[in-house]
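Chains as they are written, first to last, in this note's numbering: chain Y, 828 to 1110; chain U, 828 to 1110; chain E, 828 to 1110; chain G, 828 to 1110.
Worth flagging that the hints you see were computed from the coordinates, not collected in a lab.
Even for Gly, the Cβ is constructed at its ideal location relative to N, Cα and C.
A portion of the hints provided could be inaccurate.
[Unchecked claim] Computed list of chain G residues with no C-beta within reach of chain E, every gap over 10 Å:
1) D849
2) A884
3) K900
4) P969
[As the list claims (entries may be wrong)] No farther apart than 25 Å at their CA atoms in a straight line, the calculated lysine to any residue pairs in the SDA-like style are these:
5) K841/Y to D849/E
6) K840/G to D1070/E
7) K1069/U to V1108/G
8) K893/U to D849/U
9) K923/G to H909/G
Next come the chains, spelled out residue by residue.
Number of protein chains: 4
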Amino acid sequence: MTHTVLLIQCPDKKGIVARVSDFVFRHDANIINSDQHSTDPEGGRFFMRLEFGLDEAKVPRAKFEKDWAGIAKELGATWSIHYGTERMRMGILVSKQDHCLFDLLHRQRSGELNVDIPIVISNHKECRELVERYGIPFHYVPFTATTQSEAEGAMLELLRGTTDFAVLARYMRVVSDSFLTEYGRDVINIHHSFLPSFKGADPYRQAHERGVKIIGATAHFVTRDLDEGPIIEQMVDRIYYKDTVDDLRRKGRNLEKLALANAIQAYLEHRIILDANRTIVFQ
Amino acid sequence: MTHTVLLIQCPDKKGIVARVSDFVFRHDANIINSDQHSTDPEGGRFFMRLEFGLDEAKVPRAKFEKDWAGIAKELGATWSIHYGTERMRMGILVSKQDHCLFDLLHRQRSGELNVDIPIVISNHKECRELVERYGIPFHYVPFTATTQSEAEGAMLELLRGTTDFAVLARYMRVVSDSFLTEYGRDVINIHHSFLPSFKGADPYRQAHERGVKIIGATAHFVTRDLDEGPIIEQMVDRIYYKDTVDDLRRKGRNLEKLALANAIQAYLEHRIILDANRTIVFQ
Amino acid sequence: MTHTVLLIQCPDKKGIVARVSDFVFRHDANIINSDQHSTDPEGGRFFMRLEFGLDEAKVPRAKFEKDWAGIAKELGATWSIHYGTERMRMGILVSKQDHCLFDLLHRQRSGELNVDIPIVISNHKECRELVERYGIPFHYVPFTATTQSEAEGAMLELLRGTTDFAVLARYMRVVSDSFLTEYGRDVINIHHSFLPSFKGADPYRQAHERGVKIIGATAHFVTRDLDEGPIIEQMVDRIYYKDTVDDLRRKGRNLEKLALANAIQAYLEHRIILDANRTIVFQ
Amino acid sequence: MTHTVLLIQCPDKKGIVARVSDFVFRHDANIINSDQHSTDPEGGRFFMRLEFGLDEAKVPRAKFEKDWAGIAKELGATWSIHYGTERMRMGILVSKQDHCLFDLLHRQRSGELNVDIPIVISNHKECRELVERYGIPFHYVPFTATTQSEAEGAMLELLRGTTDFAVLARYMRVVSDSFLTEYGRDVINIHHSFLPSFKGADPYRQAHERGVKIIGATAHFVTRDLDEGPIIEQMVDRIYYKDTVDDLRRKGRNLEKLALANAIQAYLEHRIILDANRTIVFQ
């Protein structure tokens, strides 16, 4: 049995669940999990995640997809299908701060994150040793205002074909629209504030100056609008009057690691569906 | 369209979701929400909550239930059906501390809790004035060791026929097995600790003495084994070295109110299914 | 022994704690709690809260204050002193939504909040009955764009002399600078978002549209800049993809009640010191 | 200026703060932070943490300690003094699960934890490679029922003289009373439950079976009574009906890492004072 996830979205109407689950049943699949969501039962959109075991001996992948495409057309559905046999490849971009990188490397090595990490790229050299200890290729791609397009070109060269998605694990450079377009795959970023509060630079200092009582970190998809992409996960922690900006940074690192790891795990388990600029994250 | 919730549990096997959603579709119902859970895809139990609009003009309630009973028999399912037109009636038992009572009365009056409160019973007289302000009948049923069975008899007399379930909103007496059996309906309790820690009396003092750093409150169904019933909801809060036992009690009251209100709301929305001594609380 | 709180702030330098605690000791006071905070040990500001029992038989209040004023002058300190015998008077302003009002009335009646509530003012009539049940005078002061100054005049008339501070418990009108100036006392507001996110109107809708995963509520002092005043307390809760704007509002009400109650309790216990636009809230 | 922390506890009485801060002032020390706590202002115990810069050019360490010992005797105080120039040495014991070990190694290397790690001991060989990558000596000390005393003897040999305290970072063996006595220094353990719930083996399975809605992890000092030592830090996380025992373990690992890291940080900053079986953890 091949572990399979089918993600669907379409205009809502009566009978979709019946239609889809009947289809899956008739194709001899064994449903493990099924999640649905309607933004509005009358005239809204319908979202579904179906996790099932596909018996490829009886129903080959190609046939299943072809038959499904017919149903999907009927429903006006956008969809994607993900087979457990196809392990995803995650490229990581990082600058100097290595706590998120380190956390991801350990979660991957321990088997908690079911993903390959074929490459780490950095605009600094500090993390080379750590990364190479894990036997992962490390590429130093310096990045200055004048060399942005050159640097991004080099990064695209490295990422395309070798990665299925990329993670900015405290990569402190803004990636350009053209980079996103040319890469053409998902990019997940960790922002060190509770968005939409404290966009931009040095958010812990901003938070300290504003005198908030709780800080946060936000993992989100990267879009053209910096810090405005769809939010995947947020974590928060309480702070005290004694906490300095450095204390906020220290507490924040824990939040960043956890928010990013949770977001990546949801992504790898295909639990995220985009609804315009919002995410539906099934549990 | 009658807002309807169908709760099902049965042995897991292939095709249940298809079977059920097809049934509902053929009976002209419009699914609003559908939640499933399998404890183990291979040979475990299957749980489902289906929320839909039933068009009683086309499919009368009696016909729907009769047809469904046939399917349920096939599946070996236990089930219950709940119509939005039937507003539930909640009896409240309370002792001296009135914070949960008060909270529930306000949530009910404001429309947040969709329930009737036909009666409040207490073994103390302190809450009479508060309750009667709301136009709700208040009954004082004193309770001593020698009069337990007499008191419980009086309470049963008051609760049976007038209530669909009962809530112990800081009712500080243990109710007997025979009371539970004779009442025959669900009883929800709020325990002022993070169960299974600190069962029994004065849990905030126990927590203070043990020196825990986080306290909690637990809403659970009442069963024969005191403080051992299925947990519905828990809330926690961080405490500090300066906090006295009274500070814990004050913080705890906030947790108790919230845990109990959340549990009752889940109950009223028929989002809870019992799986032996555990609850599945759909969101 | 009179329960007394002394709040101090001054430029930081060596020996302040010794100076102050020696002073208190020589005036026969028994320290219950002492909290200090330095923003920066070298050249920053120093903040102190001293809670002690004053033996007025030995050291009358006037003498204590006169002697202290001498020390304070030496230290260049700003200070205030608060005697437990002087119960504060809190005026409440509210619009239609009564959950915070209700929560405060119950906390006050139960003795949890050590405060008098001499008056409730509203620009709507809905809460009259509730307030009068508590034996508290309710004043309806309608408020329209053209009558703002007239309305604020009436409110000042009601608040001045009868209240020591005011609370906007979901009072949905902006109060003017001149109102704040003329009232001349602290005003605490509850804003229904995790400030600085989602200032302005309908923050739960804004939060839903932005797709955040956590919502919050913020209690803050009211200043000329709307939603920019010093933050006293914030509370947050996790939300899910199924949560509608109304679910956010419901969850938010719990946060608003708790953030406001915590802020008021800190205020009544004189645990808040202002440091420019930030608050130090001793625990 | 030498960064210095003085921890004191004594019977409470009037004037202690004045006495201590005057002493420190007269010895030319510059107070950075001062925290006090009285369990009960009348007849309870008094706890104090004083953080200051000691000018050893003016007041040598030996003189300061000798003078202070006089005051301490007067007050009947137990005390300890800690100089920032003396970096602590932490021995780590671990079994197979390496997430806490790994987390501590990274926090140490990044400078977040101000500590030396001269040794890691394990009853398994799995972590050798990881540890040696960090240039830290790894010692394999197998441990079976029949060899407990032998194993503990070997561990004592390794820990004594080289470490100032030890951390059980998911070390899955019970250490004996005699080991604790002979080591004679603090031992901190991370227990993978929200103590006092779910003592003993496989707490996540216990939690899953009991059906709790929130799980936790607890860092505590190890004493003769297993899982009964003074609690230093606890962390909690919410769980859902879909969460399997393995999901609880995964969520739990995040809690364990954080609770243990926070506890060690508090320990290294000398923010913990023991009050019988409870800890006071200054912030």
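Structure-inconsistent hints, enumerated in ascending order: 1, 5, 6 and 9
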